[in-house]
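Student: Residue numbers (my numbering), protein chains in the order written: chain L, 1 to 269; chain D, 1 to 256.
Possibly wrong hints are sitting among the right ones.
[To be verified] Heads up, incomplete: computed chain D residues facing chain L, CB under 8 Å, no partners named:
1. Ser-18
2. Asn-125
3. Gln-126
4. Ala-129
5. Leu-132
6. Ala-134
7. Ile-135
8. Met-178
9. Asp-179
In case anyone wonders, no lab produced these hints; they're calculated from the structure. Using N, Cα and C, we set each Cβ at its ideal position, and we do this for glycine too.
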Amino acid sequence: MEQAKIIKTAIRIRDLVFRRGRNTILDGISMDIQQGSIVAFMGPSGVGKTTILRLISGQLKPDEGTIEVNGQMVSRMSDRELHRFRRNIGVLLQDGALFTDLTVFENIATPLREHTDLPEPLLRRLVMSKLNAVGLGGIEDLMPHELSGGMARRVAFARAVVLDPGIMLYDEPMTGLDPIAVSTIRTLMRETNDALGLTSIVVTHNVTQMSQLVDYCYIMASAKIAGEGPPQELNSSTEPSVNQFMNGKMEGPIPFHYQTPGTPWGLLD
Amino acid sequence: MATLGHYTSKLTGPVAQSGQCLLFLMRMISSIRFSAAQVRSVLQQIYLIGARSLVIVMICGFFVGMVLSLQAINALEQFGASDQVSLLVVKSLFRELGPVLTALLFAGRAGTSVTAEIGLMKATNQIEAMELMAIDPIQIIALPRFIASLISLPLLTAMFNALAILGSVVFSIGVMDMDAGIFWSKLQTGIYFYKDFVGGMWKSLVFGGLVGLVAVFFGYTAKPTGAGVGTATTNTVVLSSVLILVFDFIMTSFFT
Ligand SMILES: Nc1ncnc2c1ncn2[C@@H]1O[C@H](COP(=O)(O)OP(=O)(O)OP(=O)(O)O)[C@@H](O)[C@H]1O
Ligand SMILES: [Mg+2]
Chain L
1 MEQAKIIKTA IRIRDLVFRR GRNTILDGIS MDIQQGSIVA FMGPSGVGKT
51 TILRLISGQL KPDEGTIEVN GQMVSRMSDR ELHRFRRNIG VLLQDGALFT
101 DLTVFENIAT PLREHTDLPE PLLRRLVMSK LNAVGLGGIE DLMPHELSGG
151 MARRVAFARA VVLDPGIMLY DEPMTGLDPI AVSTIRTLMR ETNDALGLTS
201 IVVTHNVTQM SQLVDYCYIM ASAKIAGEGP PQELNSSTEP SVNQFMNGKM
251 EGPIPFHYQT PGTPWGLLD
Chain D
1 MATLGHYTSK LTGPVAQSGQ CLLFLMRMIS SIRFSAAQVR SVLQQIYLIG
51 ARSLVIVMIC GFFVGMVLSL QAINALEQFG ASDQVSLLVV KSLFRELGPV
101 LTALLFAGRA GTSVTAEIGL MKATNQIEAM ELMAIDPIQI IALPRFIASL
151 ISLPLLTAMF NALAILGSVV FSIGVMDMDA GIFWSKLQTG IYFYKDFVGG
201 MWKSLVFGGL VGLVAVFFGY TAKPTGAGVG TATTNTVVLS SVLILVFDFI
251 MTSFFT
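For reference, chain L alone in the conformation it holds in the complex (with noise of 0.2 Å):
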C-alpha cells in the first residue's frame, strides 16, 4: 500500500547558479523536494542559506537554470504573477521584521486583512489561536519593542502561518529561543505540517534541533551541497565536510574565516 501514496514534487531547482558581482554565491544547485515534507538547509554562516530562500520566493532572480514551485517557473514569473504566488507562500525573515508601528496583534492581522474579508470576530479569534499556539496568548496589546527578541520571533512566526500558506520558508526560527519555545515551534510546525500538508524549508545552524523535526537534510558547502539525506544517515556520512559541520570540527574543507574571491588581488580594486 506504501507504494501507492503518490509522491509529487512541490519545489525544483535544477543546475542554480547566482552571483553577486564576481563571487559565486551558489554554484549549480539542483534539488527535489516532496510535497509535504520538512526539508532542512544547513551549512556555514555566509555559504548562501538565505539566498536560495530568496530565489525561491521570487526576490532574487537565478543568473543561470530553474526553480519550479507547484510547476509553476518562479524564475520567470511577471511581478503580477509573483504577487499571486506569494500569497501561498509564508516566509519567516532571518530578523523576524515586525511592522514596528502596529501592535502585536494587528501585525498578526495584517495578512488576513490583505487578503481576506473575514468579519472581525472571526478574524480576532483566528489571531488569538495563532498567538496561543505560539504561547503567547495574553501580550497582544503590546508593541514590538517592547518584545523580546525571542518573543518577536514567535509573533514572526505566528504572522508568518497566519493565512495557512501551502509552502513555509523559516529563516533560522529557533535561534535566540529558549528551550521550552524550542519545542513548542517545532511541535507546532510539524502539526501545521502535516495537519495542512505543507511544504517547508527550515535554514538551521543548529544539528540536533534538526534531527528531531526534518525528512531530509541538504548540507551546503562552498556553494555547492556537500551531503543530502535524512538526518540519521547524514549523522553517519563519511564525507568531510558533512562530517565536519555534523559534527562541529574546526579541521575539514570548510573554512572558518570568510574567503575573499580573488585574493590577494582584490584588495586592489
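For chain L, the structure is supplied; the task is to place chain D with the ligands on it using the hints.
Tutor: Same frame as chain L, now just chain D with the ligands:
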C-alpha cells in the same frame, strides 16, 4: 577614461533618478483603490503629517505677517501710501509667500519625517516582509503619505495666510495705530478671490505633490543603513526646497 565615465555618470545620474521618480509616481497612481482601509490610512496620515505641522505653520505665519507689515509700512511711508499696507501684504501672501514658505516649512517638518520613517522600515526589512506577504508597500505605505501631503499642504497654506493676516492686523492696527476701516476696505476692493487666493492654492497643491513625491521616493530608495537614511532625509529637504522655488517661478511666469 575613468574620469570621463565619472562625469557622464554625474550627468546621467540625476536624469535616471528623475525617470525612476516618475515611474514611482505612476506606480503609486496605478495602485489607487477606493477602499475604506485606504481612506482610513490617508486620514491617519493627514493627522500625522498635516495636523502635526499646524503649530509651527501658525507660529511662522503670524511672525511673517508682522514683519511683512513692518517692512511694507516703512517702504510705503516714503510715498505717503502707508494706507495701502494691507493690500501689499495680503497680495504677496496669497500669491507667493504663503504657498512657498508653507511648502518649505512642510518639507522640513513633514517631508523629512516621511523619508526617515520609510527609510527605517526598509532598513529593518519591513518593506521586504510586506512584499513577501503579497502586500504592495507602494500602495500601503507610499500612496497614503503622498495623498495626505497633497491634501494637507493647501490647508496648511490657508492657515498660514490666516495667521499672517492676523499678524498684520496686530502690527498695523494694534502697534502702528492704522485705521481698521481703511485696512479692511483696501482688502475688499483690491484682493480677487480667484486671481489671488485660488491661484496660490493651486501652487500649494503642486508643492504638496512635489514634497510628497520626493519624500516618499527618497525614503523608498534609501540605502538600508543608518547613514543611508540620514542622506535620504537631507536629500528630501534639499531637493524639495529647490523644486518648490523652481516650480514657483515656472507656474508664476506661465499663469500671470
Ligand atoms: N545584498 C548583498 N550584497 C552583496 N553580497 C551579499 C548580499 N547579501 C548576501 N551577500 C553575500 O552572499 C553570501 C551568502 O549570504 P547568505 O545571507 O545567503 O548567507 P547565509 O548562508 O544565510 O548565512 P547565515 O547563516 O549567516 O545567515 C555571503 O557571502 C554574503 O556576503
Ligand atoms: Mg542567513
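Student: Failing hints, ascending?
Tutor: Failing hints, ascending: 1, 8, 9.
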